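Produce the entire structure from the sequences given, and follow the hints as far as they go.
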Amino acid sequence: MSQADWALALTIGIGVALRGLGLLLGGALRPDHPGIAWASAVSVATLAAFVTLAIAAPAGLLATVPLAARLAGLAGGGLAFWLLRGRLLPAMAVGLAALSLARNWTG
Amino acid sequence: MGATFLAFGAAVAEAGLSLPWALLCTGAVYGMAGQLVLLQVAAGGGAAMPATIAATAANARFLPMAVAIAPLLGRAGRRWWALPFIAITPWAAGMRVLPSLPEAARLPWFMGFAVATWSAAMLTTAAGHLAAPLLPPAFRAALLFANPLYFALLLAADAARPGVAPALLAGVLAAPLAYVVGGAWGLPLAGLLGGSLAFLWLRRPARLPRG
Numbered sequence: 001m002s003q004a005d006w007a008l009a010l011t012i013g014i015g016v017a018l019r020g021l022g023l024l025l026g027g028a029l030r031p032d033h034p035g036i037a038w039a040s041a042v043s044v045a046t047l048a049a050f051v052t053l054a055i056a057a058p059a060g061l062l063a064t065v066p067l068a069a070r071l072a073g074l075a076g077g078g079l080a081f082w083l084l085r086g087r088l089l090p091a092m093a094v095g096l097a098a099l100s101l102a103r104n105w106t107g
Numbered sequence: 001m002g003a004t005f006l007a008f009g010a011a012v013a014e015a016g017l018s019l020p021w022a023l024l025c026t027g028a029v030y031g032m033a034g035q036l037v038l039l040q041v042a043a044g045g046g047a048a049m050p051a052t053i054a055a056t057a058a059n060a061r062f063l064p065m066a067v068a069i070a071p072l073l074g075r076a077g078r079r080w081w082a083l084p085f086i087a088i089t090p091w092a093a094g095m096r097v098l099p100s101l102p103e104a105a106r107l108p109w110f111m112g113f114a115v116a117t118w119s120a121a122m123l124t125t126a127a128g129h130l131a132a133p134l135l136p137p138a139f140r141a142a143l144l145f146a147n148p149l150y151f152a153l154l155l156a157a158d159a160a161r162p163g164v165a166p167a168l169l170a171g172v173l174a175a176p177l178a179y180v181v182g183g184a185w186g187l188p189l190a191g192l193l194g195g196s197l198a199f200l201w202l203r204r205p206a207r208l209p210r211g
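Order-wise, the sequence lines are chains A and B. Note that UniProt numbering has the first sequence beginning at 1, numbered continuously upward. Note that UniProt numbering has the second sequence beginning at 1, numbered continuously upward.
Treat the hints with caution; some may be incorrect.
What the hints assert, rightly or not - With beta-carbon atoms standing in for the labels, derived distance ranges: (1) L84(A) x R78(B): 37 to 43 Å; (2) T106(A) x A92(B): 36 to 42 Å; (3) L135(B) x A59(A): 27 to 33 Å; (4) R30(A) x S196(B): 17 to 23 Å; (5) R30(A) x L19(B): 23 to 29 Å; (6) G35(A) x A92(B): 21 to 27 Å; (7) R75(B) x A59(A): 46 to 52 Å; (8) R203(B) x P66(A): 40 to 46 Å.
Stated by the list, open to error - A short list of chain B residues far from chain A (calculated; beta carbon distances all over 12 Å): (9) G16; (10) A104; (11) W109; (12) L200.
The hints are simulated quantities; they were obtained by calculation from the structure and are not laboratory data. None of these values were measured; they are calculated from a predicted model. Even glycine gets a Cβ: it sits at the ideal position worked out from N, Cα and C.
This is the structure we're talking about:
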């Protein structure tokens, strides 16, 4: 098994454990318990760091898209999301279109 | 939701990992935040341990989600059927609909909804993986941007909920740390550190009013 396979297997196992623990504790633990608040904060922070890196310093094929075009995609998607009052799918379409247009425009 | 799994399937193909890897990841991890983080660290040649820690940190919300929905899923024995499907889409629908249903109808409703959305996720993951090599590079690059954009919008919308904004800000500020540390450990380190600092900030003792 490769490292990627091991990582997948371990992540699946821990995911089952986290969900199982939650079902076991359900009703017994208040939603504002410190352990739960910490898990939520780590979850949001990891995701925020991932998104920031993916936009500011991506790897692979996305790195071939200029930073200005990635920022245009983010701005276009964010603006559409706000104007359309939180409708995700059309906002994503606008964001990806803005990224593609900005990429063509910047050459 | 389908769009994110389609983009995930394409990203797995882009990283050179197989269709079974993509399907196992969607089917059994079944939490897009963790799936994306796992893919990024593992596909970058990272070792299994940091990739697992980063993905688990990103999906740590499974625990509070399961705690919240457990009482709605009925008696302890039968609720275990729902375990693999505690993910954001079925969870959010369940939290909204289940309280209004009679108790006997709750678990069957949740299982029906969850299996349908899970099947759609599997199909779109496969479609993304199979279609990716056929698409022009510019289109593939745009598709790889779909998931970061999706989560950027979700996080922005979530920032209004209590306790989310400090963790969001801490994660963004910790991103340069992840970049500087680099490799496979950067992201899990940034997430754990940023999230823990935000947690401590939220629990700081309230200042006494001056008087």
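For each hint, the structure was consulted:
1. At roughly 40 Å, the beta-carbon separation of L84(A) and R78(B) lies within the given 37 to 43 Å, and the hint holds.
2. Against the hinted window of 36 to 42 Å, the Cβ-Cβ separation of T106(A) and A92(B) comes to about 38 Å, which satisfies the hint.
3. Between L135(B) and A59(A) the C-beta distance comes to about 19 Å, which lies outside the given range of 27 to 33 Å.
4. Restraint check, R30(A) to S196(B): a C-beta distance of roughly 21 Å satisfies the suggested window 17 to 23 Å.
5. The given range of 23 to 29 Å is broken by R30(A) and L19(B), whose C-beta atoms sit roughly 43 Å from each other.
6. Range check, G35(A) to A92(B): Cβ separation about 22 Å, and the 21 to 27 Å hint holds.
7. A C-beta distance of roughly 47 Å is found between R75(B) and A59(A), which places it inside the suggested range of 46 to 52 Å.
8. Take R203(B) and P66(A): their Cβ atoms lie about 42 Å apart, and the range 40 to 46 Å holds.
9. Annotated as non-interface, G16(B) brings its C-beta within 12 Å of a C-beta of chain A; the closest such distance is 9 Å.
10. Listed as outside the interface, A104(B) is consistent with that label: its C-beta sits roughly 18 Å from the nearest C-beta of chain A, beyond the 12 Å cut-off.
11. At the 12 Å boundary, the C-beta of W109(B) stays outside the reach of chain A, the nearest C-beta of that chain being 17 Å off.
12. Not every CB of chain A is more than 12 Å from the CB of L200(B) (nearest about 9 Å), against its label as outside the interface.
This entry does not satisfy hints 3, 5, 9 and 12, going by the numbered hints stated previously.
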